[in-house]
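Asker: Once you've looked at the hints, dock chain B against the given chain A.
These protein sequence lines are chains A and B, in that order. The first sequence lines up with residues 1 to 230 when you count with the working numbering. The second sequence lines up with residues 231 to 655 when you count with the working numbering.
Treat the hints with care, since some could be wrong.
[To be verified] Pairs of lysine-lysine residues, derived as DSS-like cross-links and limited to a Cα-Cα distance of at most 30 Å, are as follows: (1) Lys-253/B / Lys-100/A; (2) Lys-307/B / Lys-599/B; (3) Lys-493/B / Lys-142/A; (4) Lys-419/B / Lys-253/B; (5) Lys-142/A / Lys-100/A; (6) Lys-16/A / Lys-83/A.
Keep in mind that the hints were calculated from the coordinates and are not lab data.
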Amino acid sequence: MTQPLIELAGITKVLKGQEEPRTILGGVDLTVHPGESVAIVGRSGSGKSTLLSVIGLFDRADEGSYLLAGQDISRLPERRAAKLRSSHFGFVFQRFFLLKHLTAAQNVSMALVNGQGWLPRRERRARVLEALDQVGIAHLAKNRPARMSGGEQQRVAIARALVRRPQVLLADEPTGALDTETGTVVIDALLSATTRGCGLILVTHDRDHAARMGRTADLVDGVLTERAYA
Amino acid sequence: MRRLSGRFRSSLIIGLQGIRARKLRTLLSMVSLFLGVLAVVVVQAGASLAERALLSDLELTSGIDGTRVGDLPPDNKAVDALFRTVRGRSDAVGTLGVSAIIGEPGVRPVNEGGSPFDQDWGPSSVCSPDGNCEPSNGPKGQAVEVRLTALSADIRPFRPFRPRSGRWLDFSTVPAMAPRLVLNEEAAKGFGRYHVPAEMRVGGASANLTPQFVGVVDDGDSQPRAYVRLDELTNWLPTVNLASPGANSELRVYLAPSSPVEKVLAARIKGTGTEIYFSTVESRKDQEKQLALMRLVFLSMAGLVLLIGVAGILNVGLATVGERVEEFALRRAVGTPRSLLAGIVLAETLLTGLLTAAAAIGVSAAALKVVSSLFGGSEPLLRDVQFPWEAGVAGIIAGIVAGILGGFIPALRAAGIPIATVMRA
Chain A
1 MTQPLIELAG ITKVLKGQEE PRTILGGVDL TVHPGESVAI VGRSGSGKST LLSVIGLFDR
61 ADEGSYLLAG QDISRLPERR AAKLRSSHFG FVFQRFFLLK HLTAAQNVSM ALVNGQGWLP
121 RRERRARVLE ALDQVGIAHL AKNRPARMSG GEQQRVAIAR ALVRRPQVLL ADEPTGALDT
181 ETGTVVIDAL LSATTRGCGL ILVTHDRDHA ARMGRTADLV DGVLTERAYA
Chain B
231 MRRLSGRFRS SLIIGLQGIR ARKLRTLLSM VSLFLGVLAV VVVQAGASLA ERALLSDLEL
291 TSGIDGTRVG DLPPDNKAVD ALFRTVRGRS DAVGTLGVSA IIGEPGVRPV NEGGSPFDQD
351 WGPSSVCSPD GNCEPSNGPK GQAVEVRLTA LSADIRPFRP FRPRSGRWLD FSTVPAMAPR
411 LVLNEEAAKG FGRYHVPAEM RVGGASANLT PQFVGVVDDG DSQPRAYVRL DELTNWLPTV
471 NLASPGANSE LRVYLAPSSP VEKVLAARIK GTGTEIYFST VESRKDQEKQ LALMRLVFLS
531 MAGLVLLIGV AGILNVGLAT VGERVEEFAL RRAVGTPRSL LAGIVLAETL LTGLLTAAAA
591 IGVSAAALKV VSSLFGGSEP LLRDVQFPWE AGVAGIIAGI VAGILGGFIP ALRAAGIPIA
651 TVMRA
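Looking at chain B on its own, in the form it has when it is part of the complex:
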């Protein structure tokens, strides 16, 4: 152990002396390697940032991996069975999505069909309970259409919405007569852009409601949405009217992985004469697989660039060993073992690789900071991003691998220099 430590220290000392003695050559090696290591760092940083952004958005929209999701046909019996089963539970949340128009009565919303505000999905249609749909009438005016999702309990354990402003729905209080809504960012953008009267129309409601906006969340959805407590909505919307074929409703349940509700609910729904289809959320796993494949492709390309850098180090290393034949022969003459000679050359190329890695990581981190400060305001993906540690590790590994690959052959050559070289000189 002590002998190894001595050799390690010796190779480091002599390697550093070699680097100091050939600064320009070391710099040129670093330049040749820099792009390769930078490519690895950038690919890894980009992949990590993209992965974080995509996967976190994925959880917002699809749910946390492992969550059991059940989709039900939106008929009244199923609605009733669902909400009776999940009432008061925190391991199961029933959701009912309906269309709602907030604003001036008798006009068509500015975003017909609940389209995002910078898109136009064309005129929406009004459907009668028997399923016949006709284009909606009336002038386009001061109204905004949202998808209104009524929740039986807090959905955030299954879909971790990011709070943006205000507060989330409080399920522990008595339901308010004026339904409290939490908007998603797209809906909030619409209400920021269009100032509309606080009057909400929901198909089948006994009266137009006066909603209260209590908060804004990021739910990862590009369509304007609002979330409301189911019991606050049912104050005005009889349960029999909650779901009807013409109401364009969505009925869904989110369950914790081991929730006993699943079996009970399945039995009850079957009793109503319909079926419930359960699936387990594995979107993160699937997405990770795809991202890993993409990362592998890009890293392979970066690896090719790195190989060019390795060839540069190798070239410089061979030239350096050729120039230092007498030095290495002399070192052998004074008792330096072959392994240490190889170690000296490897230490030099490794240190060069590590210095290059440090430079590439520094440049990438600084560039990310600049890009974040310049474009973070307009591009949420770049807002407050931190340099991912995975990219730093990848850069260091790339530097070490390049150092070893580039130094291996020169190291072998240095170890093979005959001592007699000094006798013949």
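So that you can see chain A by itself, here it is in the shape it has in the complex:
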């Protein structure tokens, strides 16, 4: 068995600043291997996005340990966290967050021009086109978001997540704003990344999309329970 990409053990997150502190994550354990896809399902407010924030180093757990490729990153300073977000993670959100004044290629390139190392323009362009090609929209490289459909825009967002060749893709309800057919195309694009060894963690409400992942875990009251579909 290969070394796990992600190993979460006893991750706890308590929402403070309210009259009664509220436990969002109550000791979550999760392991993801390279090339593996995991769906996390649960009701609204169950803590799915908070879990993804902890995994993606947007937020820090109050307790528990977090190993990334065997390295403990439970307590990282922001500067190193930013570096790891750039080098190890790709993010896809429900909203596409494309910058409307930039072309598809420039939007994808945004993940390369982030102050974490410098790529020459020619290499940058090649990487961008490769990422757009992976999601099947290389022909739209010069189009601005306003001239693209919702599905195309989300695929640009996926290309942006893939362009740095991440080890883990984190997708937070990426099909939430799309119709079923387009959603399926987007999930295809995400799953194709796992064939190249990239781990995928998908937060979704959609049982059908969840069923296409290798594993599914339910998050109920801050506790993650894995289950298998028949």
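Answerer: This is chain B only, laid out in the frame that chain A set:
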């Protein structure tokens, strides 16, 4: 180093993208900043031009800083001691100023008392050797009065006169019997306006002389003056008559800073029973101090105008960051460090400041050219003026400072945007 370079380039690329995406907003920021930067450029340009003009005129009239100047009482013994001491030397120049009237004999000059030609100093008086003065007689006629300065050597190493036409006095030749005169601009103006006979009267001269005008210089003096070789004047004016109490004479010596003449001269003058008073020319230094103070006052006022522009940039910057919260959160999500986010905002405001500076410098330089071509003919200060580089530098610094001040708070705010913004959207 490589990492810094990457971040610098990244912030420039993204900053330029931001400017291109919000052209109108950038233009409005530039408009709000323009007057401030323009004020700084104009003040600096004006101060530099005024300084150059004032200081260069100052050297013409007072002498180059460091020059030792000695003033002597104009009596015959002192005159004799002075000119004997400085004869043949180039590090010391003795000067004797006397009044001279050039023109028709027996008439009062058109500018009595040697006044500038557009001023009237009133009737002059004639003084007898015993010091009694009476108003001069005779009708006003075709004659011009000048201050005639006789020089023992070339004075230009100490007072760098600007040549205007003709040539300067040649001290290497045999003295001419017809004294060669170099006029200053005011005297040249008088002789251009009044055509007078070439006959010169100097108090105490054995005969009226026939002068030759060989050139015109700018000596920074508003009074009509003429310069002549001392030895050409003494052909006709006995040394004993060079200085007398009634002749309204001035006796002065200019010395190079380390000239050994000073001690010798002081001793000789003391031997004649009089005193010589030396001082060092520091007028440029003094004037620079005053100009620096004035410049500081005006720059402070321009700085206030600039601050209003900075407030404009700050306002636009804060509004822009508020609109781009999701973009900055997303950039953080893809690994952009906080420092780079701040750098992006600062790069945008800095580029805006620099673009504004370029516009202000361009407008100022063009305006100066237009003013110079329109008024240069009548106003010597504006003739052939070049846009001073100091004003360009001041404009660029003002643009950079305004960019940093205006972008600092928006940059901090951009750096503090939480990534979770994209998760909650």
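Asker: If any of the earlier hints don't hold here, list their numbers in rising order.
Answerer: Hints 2, 3, 4 not satisfied by this model.
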